[in-house]
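Q: Letter by letter, the chains look like this.
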Amino acid sequence: AQSVSQHNHHVILSEAASLELGCNYSYGGTVNLFWYVQYPGQHLQLLLKYFSGDPLVKGIKGFEAEFIKSKFSFNLRKPSVQWSDTAEYFCAVNGWNTGNQFYFGTGTSLTVIP
Amino acid sequence: GAVVSQHPSWVICKSGTSVKIECRSLDFQATTMFWYRQFPKQSLMLMATSNEGSKATYEQGVEKDKFLINHASLTLSTLTVTSAHPEDSSFYICSATQELAGANSYNEQFFGPGTRLTVL
Numbered sequence: 266a267q268s269v270s271q272h273n274h275h276v277i278l279s280e281a282a283s284l285e286l287g288c289n290y291s292y293g294g295t296v297n298l299f300w301y302v303q304y305p306g307q308h309l310q311l312l313l314k315y316f317s318g319d320p321l322v323k324g325i326k327g328f329e330a331e332f333i334k335s336k337f338s339f340n341l342r343k344p345s346v347q348w349s350d351t352a353e354y355f356c357a358v359n360g361w362n363t364g365n366q367f368y369f370g371t372g373t374s375l376t377v378i379p
Numbered sequence: 003g004a005v006v007s008q009h010p011s012w013v014i015c016k017s018g019t020s021v022k023i024e025c026r027s028l029d030f031q032a033t034t035m036f037w038y039r040q041f042p043k044q045s046l047m048l049m050a051t052s053n054e055g056s057k058a059t060y061e062q063g064v065e066k067d068k069f070l071i072n073h074a075s076l077t078l079s080t081l082t083v084t085s086a087h088p089e090d091s092s093f094y095i096c097s098a099t100q101e102l103a104g105a106n107s108y109n110e111q112f113f114g115p116g117t118r119l120t121v122l
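Protein chains in written order, with the numbering used here: chain A, 266 to 379; chain B, 3 to 122.
The hints are simulated quantities; they were obtained by calculation from the structure and are not laboratory data.
It is possible that some hints are incorrect.
[Unchecked claim] Simulated crosslink set (BS3-like; lysine-lysine; CA at most 30 Å straight-line):
| hint | chain 1 | residue 1 | chain 2 | residue 2 |
| --- | --- | --- | --- | --- |
| 1 | B | Lys-68 | A | Lys-323 |
| 2 | B | Lys-43 | A | Lys-334 |
| 3 | B | Lys-68 | B | Lys-43 |
Quick caveat, the model's predicted, so the values are computed rather than measured.
Can you build the whole structure from these sequences, using the hints too?
A: What follows is the structure, given as structure tokens:
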């Protein structure tokens, strides 16, 4: 069975600080990887995704993530956070050849202090 | 981008009653829809996968007789929580995919805004 773990449950940063949120997955085959963001009171939005090619992917709003296959990781980064980045962040995995089922991590709540 | 709507956005009901939640893809045909449940401060838990015209596939531990899913058309799936109890109170989210690629490919999921269910 697939599983996704996010190590940081709640992160508090000051504006302009750098961000890195951890995500590890367990799955024996090829995977597609995603980061979603959920702003307060809003629905999930796709930040970025990886399915092949360059392991460093860039998403919207200055976010990027790096897929490290040997570590089964897909950490999310942003060099300088803003107050508007305050949200819940979810890592998700979709296994190749397992249909469209997504498995989500437990989420990381990010609070950015102005 | 593709838009998915849910109705109602929130509902309060008495214990023992049934509640129906609708999920619609507004500008595309959704071959597959998913239903998730999200508890406060927790992740989304996949409940079931619904394909148009066929029976839903439920995840382990999800009671199919309690959470009835119908995917009658390519733009509508419904989740009915039957004989709801307070422990069913949660945030229910649907998502939909559009069949853009062939097998073994990824189809992006578009999420609805969710439905907050409170059972008294």
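Q: For each hint, tell me whether it holds in the structure or not.
A: Going down the list of hints, with the structure as the test:
The hinted pair formed by Lys-68 (chain B) and Lys-323 (chain A) fails the criterion: a straight-line CA distance of about 41 Å is larger than 30 Å. Between the alpha carbons of Lys-43 (chain B) and Lys-334 (chain A) the distance comes to roughly 29 Å, so the proposed pair stays at or under 30 Å and holds. Distance hint between Lys-68 (chain B) and Lys-43 (chain B) is fulfilled; the C-alpha atoms sit about 24 Å from each other, no more than 30 Å.
Hint check: a violation occurs at hint 1 only; the rest are consistent with the structure.
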